[in-house]
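This is what each chain is made of:
Number of protein chains: 2
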Amino acid sequence: MNAAIVGVGLIGGSFALSLKEHGIADRVVGVDNASDNRSRALELGLVDAMLSFEEAVEEADLIVLATPVDSIPMLAIKALNKISSQQTVMDMGSIKSELCEVIEQHPKRGRFVATHPMWGTEYSGPDAAERGAFTGRTVIVCNGGQSDPDALDSVIRIYEKIGMNILHMDAEEQDLHSAYVSHISHITSFALALTVLEKEREEDHIFDLASSGFESTVRLAKSSPKTWTPIFLRNKYNVLDVLREHIHQLQVFRRMIERDDAEGLTAAMEHANLIRKILK
Amino acid sequence: MNAAIVGVGLIGGSFALSLKEHGIADRVVGVDNASDNRSRALELGLVDAMLSFEEAVEEADLIVLATPVDSIPMLAIKALNKISSQQTVMDMGSIKSELCEVIEQHPKRGRFVATHPMWGTEYSGPDAAERGAFTGRTVIVCNGGQSDPDALDSVIRIYEKIGMNILHMDAEEQDLHSAYVSHISHITSFALALTVLEKEREEDHIFDLASSGFESTVRLAKSSPKTWTPIFLRNKYNVLDVLREHIHQLQVFRRMIERDDAEGLTAAMEHANLIRKILK
Numbered sequence: 001m002n003a004a005i006v007g008v009g010l011i012g013g014s015f016a017l018s019l020k021e022h023g024i025a026d027r028v029v030g031v032d033n034a035s036d037n038r039s040r041a042l043e044l045g046l047v048d049a050m051l052s053f054e055e056a057v058e059e060a061d062l063i064v065l066a067t068p069v070d071s072i073p074m075l076a077i078k079a080l081n082k083i084s085s086q087q088t089v090m091d092m093g094s095i096k097s098e099l100c101e102v103i104e105q106h107p108k109r110g111r112f113v114a115t116h117p118m119w120g121t122e123y124s125g126p127d128a129a130e131r132g133a134f135t136g137r138t139v140i141v142c143n144g145g146q147s148d149p150d151a152l153d154s155v156i157r158i159y160e161k162i163g164m165n166i167l168h169m170d171a172e173e174q175d176l177h178s179a180y181v182s183h184i185s186h187i188t189s190f191a192l193a194l195t196v197l198e199k200e201r202e203e204d205h206i207f208d209l210a211s212s213g214f215e216s217t218v219r220l221a222k223s224s225p226k227t228w229t230p231i232f233l234r235n236k237y238n239v240l241d242v243l244r245e246h247i248h249q250l251q252v253f254r255r256m257i258e259r260d261d262a263e264g265l266t267a268a269m270e271h272a273n274l275i276r277k278i279l280k
Numbered sequence: 001m002n003a004a005i006v007g008v009g010l011i012g013g014s015f016a017l018s019l020k021e022h023g024i025a026d027r028v029v030g031v032d033n034a035s036d037n038r039s040r041a042l043e044l045g046l047v048d049a050m051l052s053f054e055e056a057v058e059e060a061d062l063i064v065l066a067t068p069v070d071s072i073p074m075l076a077i078k079a080l081n082k083i084s085s086q087q088t089v090m091d092m093g094s095i096k097s098e099l100c101e102v103i104e105q106h107p108k109r110g111r112f113v114a115t116h117p118m119w120g121t122e123y124s125g126p127d128a129a130e131r132g133a134f135t136g137r138t139v140i141v142c143n144g145g146q147s148d149p150d151a152l153d154s155v156i157r158i159y160e161k162i163g164m165n166i167l168h169m170d171a172e173e174q175d176l177h178s179a180y181v182s183h184i185s186h187i188t189s190f191a192l193a194l195t196v197l198e199k200e201r202e203e204d205h206i207f208d209l210a211s212s213g214f215e216s217t218v219r220l221a222k223s224s225p226k227t228w229t230p231i232f233l234r235n236k237y238n239v240l241d242v243l244r245e246h247i248h249q250l251q252v253f254r255r256m257i258e259r260d261d262a263e264g265l266t267a268a269m270e271h272a273n274l275i276r277k278i279l280k
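Sequence lines, in order, name chains A and B.
Just so it is clear: in the first sequence, position 211 is 211 by this note's numbering, and no numbers are missing.
Just so it is clear: in the second sequence, position 254 is 254 by this note's numbering, and no numbers are missing.
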């Protein structure tokens with residue numbers, strides 16, 4: 001099987017490595033509009049060749065879209081316009097409603113499989129690609145009923161070979177849930193970094209104090225704005241919904257601290273401790 | 001050297017292990033008001049014996065206070081009341097202003113060394129104690145000028161043997177900085193857990209979606225209210241100060257998303273990316 005990865009960054013690059021690692025693809029070609037990424041992906045051996053979008057779509061059995069989410073719907077249409085009924089197109093983006101809406105009426109809609117593998121790090125670009133990524137994680141497959149059974153099966157089989165757990169969801173449902181478990185974590189992390197940097201202008205010591213707790217909470221603030229600006233804006237209403245709830249929870253904490261409400265604080269934290277069951 | 005650890009939980013238990021590991025203490029005894037902790041600390045081999053507070057203070061060269069922060073000032077006074085001028089008392093708590101104020105006029109104030117080692121995990125109790133804890137981290141020594149030089153030196157030498165970097169600070173300064181780099185991370189994590197749990201009442205899927213980003217941001221929400229309620233309340237004004245700034249930053253994010261302000265979001269995240277220099 002020949003695969004083409006459009007966007008050879010953190011996600012696309014790691015997926016290219018997985019396809020080779022698990023013997024899924026014989027040949028993996030890459031497409032990227034940044035010349036730095038093109039040469040780096042080759043140097044790192046993420047792909048066998050870098051081609052133009054048109055060349056890659058022509059030769060690959062599987063076309064994988066792994067670019068920032070604002071570019072995925074148009075690339076999906078362009079790829080579907082060109083492929084035959086033997087080829088499959090899939091994406092790996094973090095949001096799905098707009099994409100599924102845009103491709104809904106396309107005559108070759110059945111050849112598209114919309115997926116969101118729940119894996120990532122705070123790094124970006126080809127150098128951030130990791131061997132062994134995705135394994136043991138969950139992948140959300142969206143609106144699977146709109147994909148041709150053979151296209152859907154082939155993509156699911158790939159994810160299963162990589163060792164991922166498959167979860168089926170509607171596009172709208174997936175966007176809401178991703179806002180809760182991924183997008184909000186990034187916003188709180190960015191905001192926490194800005195809070196500390198704001199203070200650090202006046203003080204000198206913060207540099208020395210990074211404890212493990214701080215590091216893990218603020219780690220995601222190293223993430224790329226190129227990835228995250230389009231996610232927040234394209235998933236706007238879900239993200240705003242979660243953000244409002246999160247700000248509310250922080251205000252409740254603030255009021256309890258203001259009132260020296262030890263019992264209230266303890267009860268809130270005991271409830272928050274239930275997150276253990278989600279993190280297992 | 002004989003050491004007594006008062007509070008054989010995450011911090012005290014790990015410090016007991018470090019004292020043995022680095023050949024600093026020949027004998028380490030423990031004190032704990034929870035009978036479960038007493039038996040568990042012995043079973044785990046964290047300490048050589050469990051004694052009463054009075055017995056431990058009598059026999060130890062170094063008395064280490066590692067209990068929740070609301071109990072430290074009184075234990076400090078009680079220990080200072082009993083010791084000779086050959087003994088030293090130190091604490092490992094996360095806040096220092098109240099403690100240093102309470103012991104300030106004590107005739108044996110010089111025998112006390114106030115320290116805050118910047119290490120911890122989201123777990124608590126004797127079972128959470130770890131070998132190799134503290135090494136490579138920073139420890140803040142507060143108001144060192146108020147300690148007798150020999151007491152201060154002996155404590156600093158211990159931390160250096162464990163491989164910690166020593167940072168001297170005023171108690172007030174340390175409490176402000178700890179609010180920024182440790183206390184606020186815990187509040188955002190607790191609030192994030194509550195945000196997600198609130199939603200999860202209505203939905204079923206959140207369980208399956210925990211991605212690595214979510215896990216690292218929300219990890220601290222597993223922390224013990226017994227540890228954190230007194231920290232938030234005893235460091236009230238600093239914590240409120242940081243919390244206000246953090247809520248403000250989140251509100252700025254919210255407004256930018258509402259207005260589709262891609263440029264503003266990108267600029268804010270690029271600025272947040274500067275946190276890299278703090279996390280190195």
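Mixed in with the good hints, there may be bad ones.
Copies of the same chain look alike in the list, so a pair counts if it works inside one copy or between any two.
In silico DSSO-like links for lysine-lysine, alpha-carbon gap of 27 Å or less [what the hints assert, rightly or not]:
#, residue 1, residue 2
1, K161, K236
2, K161, K226
3, K199, K78
4, K277, K199
5, K78, K236
6, K82, K199
7, K82, K222
8, K108, K277
9, K226, K277
10, K236, K199
11, K82, K236
12, K20, K199
13, K78, K108
14, K20, K277
Please keep in mind that the hints were generated in silico from the structure rather than gathered at the bench.
Hints versus structure:
1. For the identical chains of this complex, K161 and K236 are neighbours neither inside a copy (34 Å) nor across copies (52 Å), given an alpha-carbon limit of 27 Å.
2. In this assembly of identical chains, K161 and K226 lie within 27 Å of each other by CA distance neither inside one copy nor across copies; the values are 30 Å within and 45 Å between.
3. Taking CA atoms no more than 27 Å apart as the test, K199 paired with K78 passes in neither setting, with 47 Å inside one copy and 37 Å between copies.
4. Taking CA atoms no more than 27 Å apart as the test, K277 paired with K199 passes between copies only; the shortest distance there is 15 Å, against 35 Å inside one copy.
5. In the homo-oligomer, the alpha carbons of K78 and K236 lie at most 27 Å apart inside one protomer (25 Å), although the nearest pairing across protomers, at 57 Å, exceeds that limit.
6. When the C-alpha separation of K82 and K199 is checked against a cutoff of 27 Å, the pair qualifies neither within a copy, at 53 Å, nor between copies, at 42 Å.
7. Taking identical chains as interchangeable, the C-alpha atoms of K82 and K222 are never at most 27 Å apart, the minima being 37 Å within one chain and 50 Å between chains.
8. When the C-alpha separation of K108 and K277 is checked against a cutoff of 27 Å, the pair qualifies neither within a copy, at 42 Å, nor between copies, at 48 Å.
9. In this homomeric assembly, K226 and K277 come within 27 Å of each other (Cα to Cα) only across copies, at 20 Å, whereas the closest approach inside a single copy is 33 Å.
10. With identical chains, the CA atoms of K236 and K199 are at most 27 Å apart between copies only, with a shortest distance of 17 Å across copies and 29 Å within one.
11. When the C-alpha separation of K82 and K236 is checked against a cutoff of 27 Å, the pair qualifies neither within a copy, at 31 Å, nor between copies, at 62 Å.
12. Within a single copy, K20 and K199 get their C-alpha atoms no closer than 47 Å, and across copies no closer than 39 Å, so neither meets the 27 Å cut-off.
13. When the C-alpha separation of K78 and K108 is checked against a cutoff of 27 Å, the pair qualifies only within one copy, where the shortest distance is 11 Å, while the shortest distance between copies is 79 Å.
14. For a Cα distance limit of 27 Å, the shortest separation of K20 from K277 qualifies neither inside one copy, at 35 Å, nor across copies, at 35 Å.
Of the numbered hints given earlier, the model fails hints 1, 2, 3, 6, 7, 8, 11, 12 and 14; all others are met.
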